[in-house]
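Participant: For this one, chain G is given, so just place chain A on it according to the hints.
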Amino acid sequence: NAGVTQTPKFQVLKTGQSMTLQCAQDMNHEYMSWYRQDPGMGLRLIHYSVGAGITDQGEVPNGYNVSRSTTEDFPLRLLSAAPSQTSVYFCASSPRTGYSYEQYFGPGTRLTVT
Amino acid sequence: AQSVTQPDIHITVSEGASLELRCNYSYGATPYLFWYVQSPGQGLQLLLKYFSGDTLVQGIKGFEAEFKRSQSSFNLRKPSVHWSDAAEYFCAVAGGNEKLTFGTGTRLTIIP
Numbered sequence: 001n002a003g004v005t006q007t008p009k010f011q012v013l014k015t016g017q018s019m020t021l022q023c024a025q026d027m028n029h030e031y032m033s034w035y036r037q038d039p040g041m042g043l044r045l046i047h048y049s050v051g052a053g054i055t056d057q058g059e060v061p062n063g064y065n066v067s068r069s070t071t072e073d074f075p076l077r078l079l080s081a082a083p084s085q086t087s088v089y090f091c092a093s094s095p096r097t098g099y100s101y102e103q104y105f106g107p108g109t110r111l112t113v114t
Numbered sequence: 115a116q117s118v119t120q121p122d123i124h125i126t127v128s129e130g131a132s133l134e135l136r137c138n139y140s141y142g143a144t145p146y147l148f149w150y151v152q153s154p155g156q157g158l159q160l161l162l163k164y165f166s167g168d169t170l171v172q173g174i175k176g177f178e179a180e181f182k183r184s185q186s187s188f189n190l191r192k193p194s195v196h197w198s199d200a201a202e203y204f205c206a207v208a209g210g211n212e213k214l215t216f217g218t219g220t221r222l223t224i225i226p
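Quick note, the sequences are listed as chains G and A, same order. To convert, note that position 58 of the first sequence is 58 in the working numbering; the numbers rise steadily by one, no gaps. Each number in the working numbering corresponds to the 1-based position in the second sequence with 114 added.
These are calculated hints, taken from the structure and not from any lab test. No false leads were mixed into what you were given.
Have a look at the derived ranges for each label pair, beta carbon to beta carbon:
#1 G:R110 - A:P193: 33 to 39 Å
#2 G:T15 - A:P193: 46 to 52 Å
#3 G:P39 - A:A115: 19 to 25 Å
#4 A:E134 - G:T7: 36 to 42 Å
#5 G:E59 - A:R221: 21 to 27 Å
#6 A:Q159 - G:A52: 25 to 31 Å
#7 A:E134 - G:A52: 41 to 47 Å
#8 G:R110 - A:A115: 28 to 34 Å
SDA-like mimics (lysine to any residue), calculated; alpha carbons at most 25 Å apart, straight line:
#9 A:K182 - A:K213
#10 A:K182 - A:Q116
#11 G:K9 - G:E72
#12 A:K213 - G:G53
#13 A:K182 - A:E134
#14 G:K9 - A:T218
#15 A:K182 - A:D168
#16 A:K213 - G:N62
#17 A:K213 - G:N28
#18 G:K9 - A:Q156
#19 A:K175 - A:W197
#20 A:K163 - G:G40
Glycine included, each C-beta is placed from N, C-alpha and C at the ideal position.
Bound conformation, chain G alone:
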């Protein structure tokens, strides 16, 4: 199993550009989520999904869009990038079965918006 994979690893955008951060998992996990990590603030939940076709907002959803058309993939879209979105983005997944709540994290995408 590859686990949770994220692409790209690094990205530089100009203000106003849009892009999609890719996330995929091969563990058949129902739950997937996106976090952003900023210095001194830990990880904050952006959006999450409890299954294909179902998404919901987390703590900091503004400026981001998600969709979940398959169990495996959960892309994060930046609609119009802003310097405040400079961050490290992590995708995570969880099996939900047995009330595990244990999340498996991808390696992250470091995004810089200039």
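Facilitator: Chain A only, in chain G's frame:
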């Protein structure tokens, strides 16, 4: 709403010394508690978790944590640290669903 406080932003420990990282949580019922470790430039790896039962839980890499309901704490401990333990450590709480709330992290530095 659930929340987590990690009061120590940065801790420095000598190699071979014992370690305790503090974590306090806020949640109305019995929480699900986690400790994750993040090495520089890497993702997060689960060290250990508490759901119920024995309040002293063992994790990977020789770490353990103790759940104390009366103190709303879930402190992480290791009897003897190694240089490879230098990393950032995050405590997290889940309040009955998968939505994790993380603390702000504690950066651990190991000195020879």
